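Enquirer: The residues making up each chain are set out below.
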Amino acid sequence: MGWAEGAPHNDPAVSRILAIAWKDLRSTMRNVPALAMMLVAPLALAALLGFAFGGGQSFSISATKVAVANADTGTAGVAENAGNVVVGVMKSPDLRDIITVGDKPSAAAARTSVDDGKSTTAVIIPADLSAAIFATSPTAPMAVVELYENPTQEIGGAITESIVGQALLGFNGARAAALAASGLATANGDGERAGKLAQQAAETYMRDGGAAAAVSVAQRAPRLPGGESTKDVGVTGTILAGMMIFFMFFGANNVARTIIDEDRAGTLPRLFTTPTSRHTILGGKYSSVFVTVTVQAVILLVAGRLIFSIDWGRLDAVAALTLVAAAVASGLALLVISLVRTPAQAGAIGAGVYLVLALVGGNFTGTAAAGGTYAQIQKLTPNGWLLQGWDAVMRGGGLADIGLNLLVPLLFAVAFFAVAALRFRKRYA
Amino acid sequence: MSIVEVQELCKQYDPPKGVLAVDGVSFHIDKGEIFSLLGPNGAGKSTTISMLSCLLRPSGGDALVDGHSVVTDSQAVKEAIGVVPQDIALYPDMSARENLLFWGKMYGLAGAELHARVDEVLELITLVDRQKDRVEKFSGGMKRRVNIGVALLHKPRVLYLDEPTVGIDPQSRRSILDGILALRDQGMTILYTTHYMAEAQELSDRIGIVDHGKMIAVGTNEELVRSVGEEAHVELSVDHYLEGMVERWADVPGVTKAMIDEERAVLLVQDANEVLPRLFEAAAAAGSRITEVNVTEPNLEMVFLHLTGRALRE
Ligand SMILES: Nc1ncnc2c1ncn2[C@@H]1O[C@H](COP(=O)(O)OP(=O)(O)OP(=O)(O)O)[C@@H](O)[C@H]1O
Ligand SMILES: [Mg+2]
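Protein chains in written order, with the numbering used here: chain R, 80 to 508; chain L, 26 to 339.
By construction, these hints were calculated from the structure, which means they are not laboratory data.
The structure displayed is predicted, hence computed values, not measured ones.
Glycine included, every Cβ here is placed at the ideal spot set by N, Cα and C.
Don't take every hint at face value.
What the hints assert, rightly or not - Label pairs and their calculated CB-CB ranges:
id: 1; chain 1: R; residue 1: Y507; chain 2: L; residue 2: K157; range: 43 to 49 Å
id: 2; chain 1: R; residue 1: R105; chain 2: L; residue 2: R199; range: 32 to 38 Å
id: 3; chain 1: L; residue 1: V153; chain 2: R; residue 2: F443; range: 50 to 56 Å
id: 4; chain 1: L; residue 1: D158; chain 2: R; residue 2: Y507; range: 40 to 46 Å
id: 5; chain 1: R; residue 1: V93; chain 2: L; residue 2: E33; range: 37 to 43 Å
To be verified - One-sided and incomplete, this derived list gives chain R residues near chain L with beta-carbon spacing under 10 Å:
id: 6; residue: P91
id: 7; residue: A98
id: 8; residue: L104
id: 9; residue: R105
id: 10; residue: S106
id: 11; residue: E341
id: 12; residue: L347
id: 13; residue: F351
id: 14; residue: T355
id: 15; residue: S356
id: 16; residue: T452
id: 17; residue: Q455
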């Protein structure tokens, strides 16, 4: 056969798109610095930060050491001692992981323990605590429980304060109710009996503690729309999700940048001299970006599972989040590349855009657990929505719980991609 | 029968102020011939190739390739052509074979046919035993060969080669030129650009000389040389009696001019082959021995000089 007898060949566009995507994916896999950036960096950072926050499984803080000096002498006619009740609450087994209580003979000894750094906080219970609580007159003097804290140990102080405060709040509530009842009884003419009743009510409350409480408060992280939160989210998973999306931006940027690189190297113009249409070629490039970041995400998710035993949650929801995240990263990177002219600009402008989005979106600061205003600010970014979705799925949520967390970023992705495609069409018309 | 018809092709980069890189160029290429565009740097050769490859839209004019307009029917044009760009356009991190397979797919080849074509091309560019090596590890000449091989995968009807021998050793150049002649002998039509006069002269069936975006002369090598009426230079040295000999040679038929340049005689002759024996006879008759002869046939270099007043720098 001669060399000039070519007839048109009609291999379908899809297979050419795949050929371009496969070529770019393979070339990324051979690029060690790119791999380090796409895979090693997020894993290493997640490991490091996860370790810094302790344990790798959940946020845990070592138990706060509290010195207690209980001087409460009780009050005449009442068996219960309020000071002992407060100390009992602090020593309850439920709180063992949070505070360790050491008894001190005097207020001075307790303060010294803090001054010497042996304790974080001293709780000093006055002699007249029981007297104040069981007083029958509303004008009885107020007792003051003193918290003496090392100012550098804010968290320990806050924890102690909330535990002690909780206990005292209960007393105050009981006393207020009793006084109200006694006020009613006094109005009915039996002042002394009413005072006794109030005292008894307070005492009963004290003895039974919170056991018969009608209302209790349980602490939970803010919820995304959807089912009840039941699972504890590992901190490493939360961090890795943020890092993964952040580094997916860079992974996508790496591949999208090859459009400029290939333009300069002459392979893109050469592609344009082949019978493969420009739409197919650019479509191939877009696919390269998407395929590469999807592979990056899957590797990171699997690595997170294997290395850090992260439970990512339900497979269908994770798959959907991964694909939408890949679409966002691809669309954004293509948009950035379509706006710049040189590889240097692609690097600098890309890095700036991704960093700002990551800061606003919360890639470095954890997810929706932050709550409040910040959760709203996160929602200005597609990555913020994705992270909140990821958080919900890690807490046991399913597809039904993350509809908006998929839809909103997808709309972002489509918008990014549309603008990028328009710009590329113009540039390579 | 012409397979390429270029009509008043123009290209202005960045109008309205930009360079008029190609300025009303017209020529045609017959089926099965090698046509060279010969011109110095910046003459507009690559720009012309880019327009004929549908890579650049002409600012004016049109070209028909295999009967299809590069302006309105680019898809059909691209099916018919193979383009070897001036700068090597390959993926350096991929092997020669991987490159060929990828580009073959872009030309629409697939499956067994693709692999067979890649094997054939590797054979042709004599890189069968290096096919698994990454292109970045190749020598300049080997890269050039792969660069050409890519454009041959789909058996194009017209092959464009834009300065394919720049910056390589004489041996690689030789093998590329021989390869091009072999392709022509198998019926491929070739558009070749170069600024090497000798290459154009050796390869081409016809040559277009371009300068500053304009086609200043077109024809066969002989036609071009004859058109400017250039003559051959004959330089002669004799053992003695140089001045007397020059006077005698001046009278030999076919010699239009004879002069002395340092220790040699320099003659301008219309046809060196015809005149040389007479020059020897005249010397023998005068009792002189010719010790050195140097004949320079008129060439494209002279044509270019004649037409532009400038040398075609090599
Ligand atoms: N992309 C471009 N933008 C603006 N001007 C250009 C561009 N490409 C080429 N030119 C100008 O067009 C003119 C012709 O360039 P071209 O590359 O076609 O020449 P050439 O004959 O191929 O030269 P060489 O032998 O150096 O390859 C030159 O003046 C060049 O500076
Ligand atoms: Mg050129």
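Enquirer: Now, for every hint given, state plainly whether the structure supports it.
Expert: Against the structure, the hints:
1. A beta carbon spacing of about 33 Å between R:Y507 and L:K157 contradicts the range 43 to 49 Å that was offered as a hint.
2. For the pair R:R105 and L:R199, the beta carbons lie near 35 Å from each other, so the given range of 32 to 38 Å is met.
3. Against the hinted window of 50 to 56 Å, the Cβ-Cβ separation of L:V153 and R:F443 comes to about 53 Å, which satisfies the hint.
4. The supplied range of 40 to 46 Å is broken by L:D158 and R:Y507, whose beta-carbon atoms lie about 32 Å from each other.
5. Take R:V93 and L:E33: their Cβ atoms lie about 40 Å apart, and the range 37 to 43 Å holds.
6. With a cut of 10 Å, the hint placing R:P91 at the interface with chain L holds, because the nearest CB-to-CB distance is about 9 Å.
7. The closest approach between the C-beta of R:A98 and any C-beta of chain L is roughly 4 Å, which is under the 10 Å cut-off, so the hint is satisfied.
8. Hint on R:L104 is violated. Least Cβ distance to chain L is approximately 12 Å, over the 10 Å limit.
9. Nearest Cβ of chain L to the Cβ of R:R105: about 8 Å, under the 10 Å cut. The hint holds.
10. With a least beta-carbon distance of about 5 Å to chain L, the hint placing R:S106 at the interface is held under the 10 Å criterion.
11. Restraint check, R:E341 versus chain L: the minimum CB separation of about 9 Å is within 10 Å; hint holds.
12. The criterion of a C-beta within 10 Å of any C-beta in chain L is met by R:L347, whose closest approach is roughly 9 Å, and the hint holds.
13. Satisfaction of the interface hint for R:F351 is found here, the shortest Cβ-Cβ separation to chain L being roughly 6 Å, below the 10 Å cut-off.
14. With its C-beta approaching chain L no nearer than about 5 Å, R:T355 sits inside the 10 Å limit, and its interface hint holds.
15. Hint status for R:S356: holds, given a least beta-carbon distance of 7 Å to chain L, under 10 Å.
16. The beta carbon of R:T452 is not positioned within 10 Å of any beta carbon in chain L (closest approach about 48 Å), and the interface hint is therefore violated.
17. The interface hint given for R:Q455 is violated, since its Cβ lies 46 Å from the closest Cβ of chain L, which is over the 10 Å cut-off.
In summary, the numbered hints that this structure violates are 1, 4, 8, 16, 17.
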